[in-house]
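> Listed here are the chains, written in short residue letters.
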Amino acid sequence: MRFRTLNDIAEICREESLAISELMILEQEKETGQPKEEIVAQMAGYYRIMKEAVRKGLETETKSRSGLVGGDARKVNEYASASEPSVGDWAGKAMAYALSVSEVNASMGRIVATPTAGSCGIIPGVFVSSQERFGWSDEKLVRGLFGAGAIGYVIANNSFISGAEGGCQAEVGSAIGMAAGALVELRGGTPEQAVHAVGLALKNTLGLICDPVAGLVEVPCIVRNGLGAVNALAAADMAMAGVRSVIPSDEVIGVMLEIGSKMPSEHRETALGGLAQTPTGRKLTEKIKAAKSSGRTSG
Amino acid sequence: MRFKHVFSIIGPVMVGPSSSHTAGAVRIGRVARQLLGRQPEEAEITLYGSFAETYSGHGTDLALVGGLLDFDTDDERIPEAFAEAERRGMRFAIKPGSGTMPHPNFAEITARAGGLEASVQGASIGGGNIEIYSLNGFDTGCSGYYPTLAISHEDRVGVLASITGTVSRSGLNIGFMNLSRKERSGAAMTVVESDRRPDEELLEALRKLPHVERVSVIDVT
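Each protein sequence line maps, in turn, to chains A and B.
The first sequence begins at 716 in my numbering and counts up one residue at a time.
The second sequence begins at 34 in my numbering and counts up one residue at a time.
Mixed in with the good hints, there may be bad ones.
Derived coverage of chain B by chain A (criterion: at least 3 residues anywhere in the stretch with Cβ under 8 angstroms from a Cβ of chain A; other residues may be distant) [said to hold, decoys possible]: (1) 34-44; (2) 105-114; (3) 153-165.
It should be emphasised that the hints constitute simulated quantities derived from the structure, not laboratory data.
Even for Gly, the Cβ is constructed at its ideal location relative to N, Cα and C.
Bound-form chain A, shown alone (with noise of 0.2 angstroms):
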């Protein structure tokens, strides 16, 4: 990849007249020797699996595994269709389809990973409900994938993306960030303005642990990338009009390295601290754990 950075990104971009999505193509072609319309159709059939799965945690009731969640992304999308959400209404669809995602990736359910599956609402939240809400193509939102693709490549790289090593901070704050700069470019911002919704968006979980109940991706992951999305929204908004991250996005992700390394093992997904070892956490976790020894043999 030509690139390191978010800067790398930009740069390239401004020189070569190029949209962050087109870049990545370019790069994805070059990487791997495959031409672009295997590329693309690759791409194609992962945004169809992720409607699917909004599709599917609205229409179907979802339960995890644990039966410890499941309908709120139907709760949600009822509200947001039948009563005036304070975040308005796109964002309360986004929010729901978001869950649903979510909830679907909880009850062991077919998900694309975008960056990960404890964060895999995030993107399809915003995605679909974005084009409902403008009447975009699939090709378009295809084509966004590779922007938020690039973005969280970047992240990857230079930081985390798992909850194990980098709390939840690098899967749900990179899945905001992925999303928030996509959304930039789908709208027509510049890949600029991308890279500062970035690292708006950054800012606002870095130091976000990763503690979940019972060590499942329920709780509180689902809820958070409903939350997750409506950030996105905003972020992406506050790039378009204009602001800019002060601290320049690729610091931001630095610091996500410097605080996701120094994080304890208790707060990066090892269910040993954070909510999961409040008195509900625990009472939840023994009573998950009672019911599966009685409920299963182990091999």
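Starting from the known structure of chain A, arrange chain B on it as the hints suggest.
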């Protein structure tokens, strides 16, 4: 660069709930299966770090067993992997290990069938991506991003040249390569990551080379 391209960020398509603990685990299991080259009859799995703490909630156990059954990350049979293992007569044991490993999501797998044994140490680094740290006890691994040849051979003059010569004659480009030996003139392992999957003809040619013992193809791309 730990993450090589756009589909290591957007993707894989997978069954939930965790890309590290489910999709990555499927891939580590599958590497062991492919290194062995056949359906294992028995497998021992040791989990470390976050894998050990939270495996059952994420279906990491199902995922690793699914990988040993050669399932891909989006195989909808993963939730029923234990039952499928029983049908195929694969025994397995899963236990938590202790000690510090190079990554918080770390697994060790030993798989056996027909008198053969394969062992793998690997980490799930996020987003369904993996890093293999050792193969059959050799200090050499692979990223899982590319079709990979794992060649067990003796540590002798010219073996590496004959391997690369054979690979190059088949028109396969070598992206990354790594050789490790246990002792001077003893057993060695060469790992070759290539841009496309090696064909049967190449595998046969490699197997016939002097001092080459076993050749496996690892492809979890």
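> Next, verify each hint and record whether it holds.
Okay, the hints, checked on the actual structure:
1. 34-44: holds (count 11)
2. 105-114: holds (count 4)
3. 153-165: With 5 residues close enough to chain A, the hint holds.
No hint from the list above goes unmet by this structure.
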